[in-house]
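Asks: What follows is each chain in one-letter form.
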Amino acid sequence: MNALLKSKQEAAATRLDSASLPAAAGWSKAAREDALARVRSTGLPSRRDEYWKYTRPDALTQADATEADVFKSDEPLVFDSFDRLKVVFVDGVFSAELSDDLALEGIEIARLAEAADISWASELYGTLEAKGQSPVERPLAALNTALATDGVLIRCTKTPSKPVSLIYRRDSTTADAMLHHVVKVEAGASLTLLENGPGAARLNKCLEALVADGAEFHHVRAQGRDHARSAATHMFVELGRESVFKSFTLTVNGKLTRNECVIEFTGDDAIAHVAGAALGDGDFVHDDTVFVTHDAVNCESRQVFKKVLRNGATGVFQGKILVQPGAQKTDGYQKSQSLLLDGDSQFLAKPELEIYADDVACSHGSTSGAIDEDALFYLRARGIPEGIATDLMTLAFLAEAVEEVEDDALKGEITGRLEGWLLRHSRA
Amino acid sequence: MLEIKDLRVKLEEEDKQILKGVNLTVEAGKVHAIMGPNGSGKSTLSYVLSGKDGYEVTGGSATLDGDDLLDLDPEERAALGLFLAFQYPVEIPGVGNMTFLRTAVNSQRKARGEEAMSSTEFLKEIRAKAKELKIDAEMLKRPVNVGFSGGEKKRNEILQMAMLEPRMCILDETDSGLDVDAMKLVADGVNALRNEGRGFLVITHYQRLLDHIKPDVVHIMADGRIVKSGGPELALEVENNGYADILAEVA
Ligand SMILES: Nc1ncnc2c1ncn2[C@@H]1O[C@H](COP(=O)(O)OP(=O)(O)O)[C@@H](O)[C@H]1O
Ligand SMILES: [Mg+2]
Chain A
2 MNALLKSKQE
12 AAATRLDSAS
22 LPAAAGWSKA
32 AREDALARVR
42 STGLPSRRDE
52 YWKYTRPDAL
62 TQADATEADV
72 FKSDEPLVFD
82 SFDRLKVVFV
92 DGVFSAELSD
102 DLALEGIEIA
112 RLAEAADISW
122 ASELYGTLEA
132 KGQSPVERPL
142 AALNTALATD
152 GVLIRCTKTP
162 SKPVSLIYRR
172 DSTTADAMLH
182 HVVKVEAGAS
192 LTLLENGPGA
202 ARLNKCLEAL
212 VADGAEFHHV
222 RAQGRDHARS
232 AATHMFVELG
242 RESVFKSFTL
252 TVNGKLTRNE
262 CVIEFTGDDA
272 IAHVAGAALG
282 DGDFVHDDTV
292 FVTHDAVNCE
302 SRQVFKKVLR
312 NGATGVFQGK
322 ILVQPGAQKT
332 DGYQKSQSLL
342 LDGDSQFLAK
352 PELEIYADDV
362 ACSHGSTSGA
372 IDEDALFYLR
382 ARGIPEGIAT
392 DLMTLAFLAE
402 AVEEVEDDAL
412 KGEITGRLEG
422 WLLRHSRA
Chain B
6 MLEIKDLRVK
16 LEEEDKQILK
26 GVNLTVEAGK
36 VHAIMGPNGS
46 GKSTLSYVLS
56 GKDGYEVTGG
66 SATLDGDDLL
76 DLDPEERAAL
86 GLFLAFQYPV
96 EIPGVGNMTF
106 LRTAVNSQRK
116 ARGEEAMSST
126 EFLKEIRAKA
136 KELKIDAEML
146 KRPVNVGFSG
156 GEKKRNEILQ
166 MAMLEPRMCI
176 LDETDSGLDV
186 DAMKLVADGV
196 NALRNEGRGF
206 LVITHYQRLL
216 DHIKPDVVHI
226 MADGRIVKSG
236 GPELALEVEN
246 NGYADILAEV
256 A
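Top to bottom, those sequences are chains A and B. Here the first sequence is numbered in the numbering used here, starting from 2 and rising by one per residue. Here the second sequence is numbered in the numbering used here, starting from 6 and rising by one per residue.
Just so you know, not all the hints are guaranteed correct.
What the hints assert, rightly or not - Each computed DMTMM-like pair below joins lysine to aspartate or glutamate, with the alpha-carbon atoms no more than 25 Å apart:
no.	chain 1	residue 1	chain 2	residue 2
1	B	Lys21	B	Asp11
2	B	Lys139	B	Asp70
3	B	Lys158	A	Glu405
4	B	Lys115	A	Asp375
5	B	Lys146	A	Asp269
6	B	Lys15	A	Glu374
7	A	Lys30	A	Asp59
8	B	Lys115	A	Glu407
9	B	Lys115	A	Glu420
10	B	Lys129	B	Asp193
11	A	Lys351	A	Glu420
12	B	Lys57	A	Glu387
13	B	Lys146	A	Glu405
14	A	Lys132	A	Asp332
15	B	Lys158	A	Glu374
16	B	Lys146	A	Glu401
17	B	Lys158	A	Asp409
18	B	Lys21	A	Glu301
19	B	Lys146	A	Glu353
20	B	Lys115	B	Asp70
21	B	Lys158	A	Glu401
22	B	Lys146	A	Asp409
23	B	Lys146	A	Asp343
24	A	Lys256	A	Glu374
25	B	Lys139	B	Glu120
26	B	Lys115	A	Asp408
27	B	Lys57	B	Asp193
28	B	Lys57	A	Asp343
29	B	Lys158	A	Asp373
30	B	Lys15	A	Asp409
31	A	Lys247	A	Asp284
32	B	Lys15	A	Glu404
33	A	Lys132	A	Glu407
34	B	Lys57	A	Asp408
35	B	Lys146	A	Asp375
Stated by the list, open to error - One-sided and incomplete, this derived list gives chain B residues near chain A with beta-carbon spacing under 10 Å:
no.	residue
36	Ala84
37	Val95
38	Pro98
39	Lys146
40	Pro148
Keep in mind the hints are simulated off the structure, nothing from the lab. All values reported here derive from a predicted model rather than from experimental measurement. Backbone N, C-alpha and C fix where the C-beta goes; we use that ideal spot for every residue, glycine too.
With the hints as extra help, turn the sequences into a complete structure.
Replies: Here it is, written out as structure tokens:
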């Protein structure tokens, strides 16, 4: 056995020593035990892993969460003005008191920690995550499947009247939370899922979603403001025939965030778009890692990731489009760009295409650049102060990602948050 | 109004002197034209006056109504009432024309301690002014200059000038690349702004534009200096004989 694997396995063993499967695992016990076995055999991510070349996993893999000050603000939280069904977690624990009544026409919501054996969920829990372990290992997701203590199971049978909104409040400076959600959008139904909040001092979150034939799953997430936290999140999404998945993530601040998204097309004529806009200042590390597998005909995947980095912030993008044999008429698009507002910040990108079908259109582009000085001068020559001119250009740079949010009101909300961040950071 | 005295400018990055002692005064209410061969320093003069990076002033001064321009940021110069219609207007993907112009108008107002223009008032004004310049509503919605034809870009410059109502307008080859109709629109736009309090410095190669915008004074610039000044007849002379005679005469 090679030394790297051995040390990773040892790290896993140490971490698992102090952990135990949740007592109330019940129906998920088998899936959790399988996941445990996966983590034991792959070990935990190491700095020397190719997949973790750009982002140090230490803070995510070490035994305990690093203590992190709680961010406080009097400002309303993102999505606060939206009519939605609120599901609130505090430091990774569901709060019935802060949450709405979980009953909503067209949707069934159960708490992972309490759910009786629900057959649709027991078929899914850990399944997509396990599939997503190949060809690249994602040990933190397997760890999550094994040990997650809370989360929700959402089955959407019709189109509910409002979005479901998962809110992750954080009160403790040391909480180490593991949340695992399972979503199933049944044929023809459409679900909008919102997520916001830091979650915990350290958050490991996993979401598995099955989007059935002709179904739609819209996902808008805001990870923001609370800078001291660290997070590793995974989304595993499987798409049926003619289904649609659209996901957008806004990330502002955060010492360490790794967002992995694993998408697999299993039915023909489906569409998946994942997008992200990230704004980082100072000791900010943000990593978007995306893996899209086309295993069906005539599907469209689109990745649009934009990052604005200043004062030594780091942005990472790893994106892969894998087109399996027979996945003809695939339309795969991938774009990752960063705007570096100074020479101290850095953007590391690894775009990849792997194509085993001949009738496909795939493209990828990754760029990293400074602000366009000619454009900046043009704006200033019209009387716009440098700070505002830079902000206008920053918003313009991010617009292509934000445009991926389909709902206009949500798009407006995201833009408002971006403007707020810029106002606080560039005029300071 | 605009007073340039013995202005000397070199490139910041290279040891290349471009302006070698420019003297020029534009009085309020007057239109001055600058003509001159390519590479003589006309655009450099307009950039240095408006505050573009990359140039180093090695001597002389430039003031607008007594305020020293050369010490100010570009946005401060603009707020004082200086406007440059660019020879090559810049495309800014993602920034909407309307947002851009409203931000510009209100930034200038704020800098001058004036009240912001309301969005209703702004919309009314811009629609009226765009109509005169035959700029359609669709163009206003697009990102700044993106996908605009050469002529549309130049008309957009004039629209910005009309909205910002500067006191001192510098037009750098705004007529280049325009067909006769477009040039007429641009000239009309400029003429509509002419008044006693406003000065113009019009850089051009062609008599054509000066037929429509009648200048009070014409200057010939060559190799970083104003080598000759005169009345409108000087522009005619250039049109008929080129620069060779004039340059030979002053050499
Ligand atoms: N940023 C620059 N870098 C290099 N050369 C420049 C730059 N700006 C101006 N020049 C040079 O300075 C001279 C004057 O240019 P310019 O002001 O554009 O002339 P004009 O507008 O009269 O045609 C030219 O020789 C030009 O090549
Ligand atoms: Mg020029």
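Asks: Does each hint hold? Answer for all of them.
Replies: These are the hints, each one checked on the structure:
1. B:Lys21 <-> B:Asp11: 17 Å, holds
2. B:Lys139 <-> B:Asp70: Distance of about 34 Å is beyond 25 Å: violated.
3. B:Lys158 <-> A:Glu405: Not satisfied, since the Cα-Cα distance of roughly 29 Å exceeds 25 Å.
4. B:Lys115 <-> A:Asp375: 24 Å, holds
5. B:Lys146 <-> A:Asp269: At roughly 37 Å apart (the allowed maximum being 25 Å), aspartate 269 of chain A and lysine 146 of chain B break the hint.
6. B:Lys15 <-> A:Glu374: 19 Å, holds
7. A:Lys30 <-> A:Asp59: 28 Å, violated
8. B:Lys115 <-> A:Glu407: Violated: lysine 115 of chain B and glutamate 407 of chain A sit about 35 Å apart, past 25 Å.
9. B:Lys115 <-> A:Glu420: Holds: lysine 115 of chain B and glutamate 420 of chain A sit about 19 Å apart, inside 25 Å.
10. B:Lys129 <-> B:Asp193: 20 Å, holds
11. A:Lys351 <-> A:Glu420: 29 Å, violated
12. B:Lys57 <-> A:Glu387: 13 Å, holds
13. B:Lys146 <-> A:Glu405: The hint holds at about 19 Å.
14. A:Lys132 <-> A:Asp332: 23 Å, holds
15. B:Lys158 <-> A:Glu374: The hint holds at about 19 Å.
16. B:Lys146 <-> A:Glu401: 16 Å, holds
17. B:Lys158 <-> A:Asp409: 30 Å, violated
18. B:Lys21 <-> A:Glu301: With Cα atoms ~54 Å apart, lysine 21 of chain B and glutamate 301 of chain A exceed 25 Å; violated.
19. B:Lys146 <-> A:Glu353: 36 Å, violated
20. B:Lys115 <-> B:Asp70: 20 Å, holds
21. B:Lys158 <-> A:Glu401: 24 Å, holds
22. B:Lys146 <-> A:Asp409: OK: lysine 146 of chain B and aspartate 409 of chain A at ~17 Å, within 25 Å.
23. B:Lys146 <-> A:Asp343: 31 Å, violated
24. A:Lys256 <-> A:Glu374: Since the Cα atoms of lysine 256 of chain A and glutamate 374 of chain A sit roughly 30 Å apart, the hinted pair is violated (cutoff 25 Å).
25. B:Lys139 <-> B:Glu120: 29 Å, violated
26. B:Lys115 <-> A:Asp408: 34 Å, violated
27. B:Lys57 <-> B:Asp193: The given pair, whose Cα atoms are some 28 Å apart, is violated under the 25 Å limit.
28. B:Lys57 <-> A:Asp343: 20 Å, holds
29. B:Lys158 <-> A:Asp373: Status holds; Cα separation ~19 Å.
30. B:Lys15 <-> A:Asp409: Violated, because 50 Å separates the two Cα atoms, which is more than 25 Å.
31. A:Lys247 <-> A:Asp284: 30 Å, violated
32. B:Lys15 <-> A:Glu404: 44 Å, violated
33. A:Lys132 <-> A:Glu407: 29 Å, violated
34. B:Lys57 <-> A:Asp408: Cα-Cα ~41 Å, so violated.
35. B:Lys146 <-> A:Asp375: 21 Å, holds
36. Ala84: 5 Å, holds
37. Val95: 4 Å, holds
38. Pro98: OK, holds: proline 98 of chain B within 10 Å of chain A, min 6 Å.
39. Lys146: 14 Å, violated
40. Pro148: 7 Å, holds
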